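First to last, the protein sequences are chains B and H. Going by this note's numbering, the letters in the first sequence line up with residues 1 to 411, in that order. Going by this note's numbering, the letters in the second sequence line up with residues 1 to 222, in that order.
I should point out that these hints are in silico values taken from the structure, not numbers from a laboratory. Please read these numbers as outputs of a predicted model, since none were measured by experiment. There may be inaccurate statements among the hints.
[Stated by the list, open to error] Pairs of lysine-lysine, BS3-like flavour, derived with a Cα cap of 25 Å:
#1 Lys279(B) <-> Lys215(B)
#2 Lys167(H) <-> Lys4(B)
#3 Lys409(B) <-> Lys88(H)
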Amino acid sequence: MIPKLSRYLLVALTIITLSYVLPNIYHTLFDTRIDTPYIAYSTSEGEYYTYGQRDGKTVFTDRKGKVYTQQEFMDKTPLENFYYHLSKGTFPDSFAGVKLIPQQLQQESFFQSVEPERLDIPDYKLNALFESQPEFGLTFSKDYFRITHRIEFIDAKTNQLNQEKSKQFTAALDAEGFSYPATIQAGLPTLMKKRDEGWFIVDSKEQFFHLKMIKGAPFVRKVPVPAGLHFKYVLANDFDADEFYATIVTTDNQLLILRKKDYSFIKIPIEGYNAANMKLAIQGSMFNRTVIVNAEKGLQLFTFNRDYKLIDKHNHPLPLKSEMTIGKVAAAMFPFQLEIASPYTEFLRMHFDASNTWAWILLNLLFVVLTVVLMRREGKKISRGIPDLLIVALTGIFGFLAVHIIPNKQY
Amino acid sequence: MLRSIFYKEWIKIGRIAILLTAVGLLLIAGIYLTVRHDLLLKDAELYWYDIVYQKMIYFNIFKFMPLVAGLLIGLAQFVPETVEKRIKLSLHLPINEEEVVLKMLGIGTTVVLTSFLLLFGAIYMWGLVYFPVELMQKTAVTVLPWLFSGLATYFLASFVVLEPIWKYRILYILTGGAFITLFYKSNAAGAYQPILLPLLLCVIMASISSLFSIYRFRKGEM
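Input sequences plus hints: build the corresponding full structure.
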């Protein structure tokens with residue numbers, strides 16, 4: 001009985017391994033590249049221009065599919081490609097009655113990407129709080145803080161708590177009604193920034209706080225949160241544009257910004273976004289904001305004016321691998337695939353991804369017939385091989401290989 | 001009977017297990033003496049920065065140590081049994097054959113686990129001298145799949161060595177090797193957190209694999 005059990009455990013383990021390895025080998029050998037085009041919203045033309053690849057050649061088109069030369073593309077996007085026009089001497093003096101100053105255009109431009117694989121990552125929950133108003137430029141803090149039952153500062157050199165600073169900052173958080181522990185901490189712990197804005201912290205009651213250190217003393221500000229907002233990601237920024245402190249994604253996939261001038265949350269009204277499996281970017285200029293939602297099935301662009309009222313939107317479909325030959329063959333060959341790593345998270349998770357068609361049933365039946373033929377040839381009794389046949393019928397190529405790698409001799 | 005089996009197994013794996021544990025402990029000592037040196041000579045906050053924000057794994061040199069230990073202990077315990085088919089003697093003892101093999105495996109597993117527990121304890125406790133508990137928890141989550149791979153390699157080594165036919169041995173090595181790669185899929189500290197339990201279940205599934213080889217051996221597969 002136990003040897004039989006050990007065999008079935010081995011068969012199961014082999015199926016698990018093969019359902020990971022075989023699809024991976026297949027995709028490594030036959031994967032095809034899907035080019036994601038660059039799409040620019042032209043403020044002057046009120047049109048989306050695509051800079052993409054077609055049959056190995058670079059092609060410039062508008063959303064109706066009209067083809068342009070690269071020169072025409074540049075001419076249609078004078079504000080978006082202002083560096084090019086500055087170098088050529090074709091930079092416009094004004095647009096819509098506004099005098100154009102290159103430095104201002106540059107200052108007002110920003111690009112905020114929201115990439116799930118950089119957000120769903122293991123977090124040490126230890127962070128560095130810089131001095132926000134240093135005398136001689138930004139320097140690294142000597143300690144790291146944690147917010148558990150209070151805020152604690154740990155000196156990196158000695159690994160000891162700085163009790164005095166911990167008490168001082170805990171009192172400041174307490175005074176604003178902080179509920180421990182912190183669930184999200186977002187900041188920019190780098191010296192490659194122009195100024196320090198400290199940390200944006202969500203507490204256990206989903207209250208939102210801004211924490212800074214100014215001249216060695218705590219600065220804590222509780223930010224009123226609109227009802228029903230559940231934070232998933234908070235991303236701080238250091239843009240010259242100076243419009244907002246942070247970008248926020250909620251658990252129900254709403255996109256918001258935290259405005260600097262009045263600490264208000266402004267909702268950016270986009271549709272069809274899922275933070276779990278889509279990338280997103282906010283592209284800002286002096287005149288408008290374009291949000292690009294990058295999903296497997298295509299790009300969705302939403303352009304807003306500076307008050308976040310929708311001006312225009314555009315959908316650019318992308319070819320789906322599951323509808324290409326590579327995907328169809330994989331779906332027919334593998335009844336399921338074990339996925340461990342995902343492009344949307346840094347964590348490893350085990351899940352079996354079922355085939356999206358029923359074509360694999362045919363191949364599974366073929367493997368069952370082949371197993372019966374092989375059993376007959378080896379003189380085995382079919383009645384004693386029924387569990388193996390069931391395994392092959394359910395798991396196809398993986399089970400077929402597994403029951404033969406771990407052989408079932410009938411003694 | 002258990003004492004006699006333990007004595008026989010200890011003769012085979014005692015010395016190599018002690019040696020491998022000592023090598024592991026020396027490796028950990030090397031890791032932490034380097035950490036101490038770097039914290040003293042460099043800016044400690046930047047060293048922490050590399051770990052917390054730059055994904056540095058300061059103990060990366062330890063990565064394949066458990067795998068090598070599991071493999072060598074497995075080979076040391078079971079290769080002598082296959083020379084001139086000595087395993088036959090154990091299988092002819094007046095007790096249940098499966099029980100003998102399970103006891104042999106149990107003793108080997110205890111030795112491997114004791115060694116790994118010592119190494120894990122050393123890496124975790126020594127680390128607390130230099131780093132806060134948050135950092136050591138991530139260290140633990142990163143080291144655990146490496147230790148699991150060592151244990152799985154021990155089980156698979158016994159399974160492969162006891163298999164009587166070379167053709168199957170090669171197939172087992174290929175599949176086992178592919179299985180072991182699952183423990184080395186990420187270089188990010190803490191990435192294995194959600195998958196630790198499923199992986200441990202897979203290791204447990206492999207734990208009695210050598211009973212299948214012994215069954216085939218007993219049935220006269222050559």
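Against the structure, the hints:
A distance of roughly 38 Å separates the Cα atoms of Lys279(B) and Lys215(B); the hinted pair therefore is violated under the 25 Å criterion. Of the pairs offered as hints, the one joining Lys167(H) and Lys4(B) holds, with about 21 Å between alpha carbons and a cut-off of 25 Å not exceeded. With a C-alpha separation of about 20 Å, the suggested pairing of Lys409(B) with Lys88(H) holds against the 25 Å cut-off.
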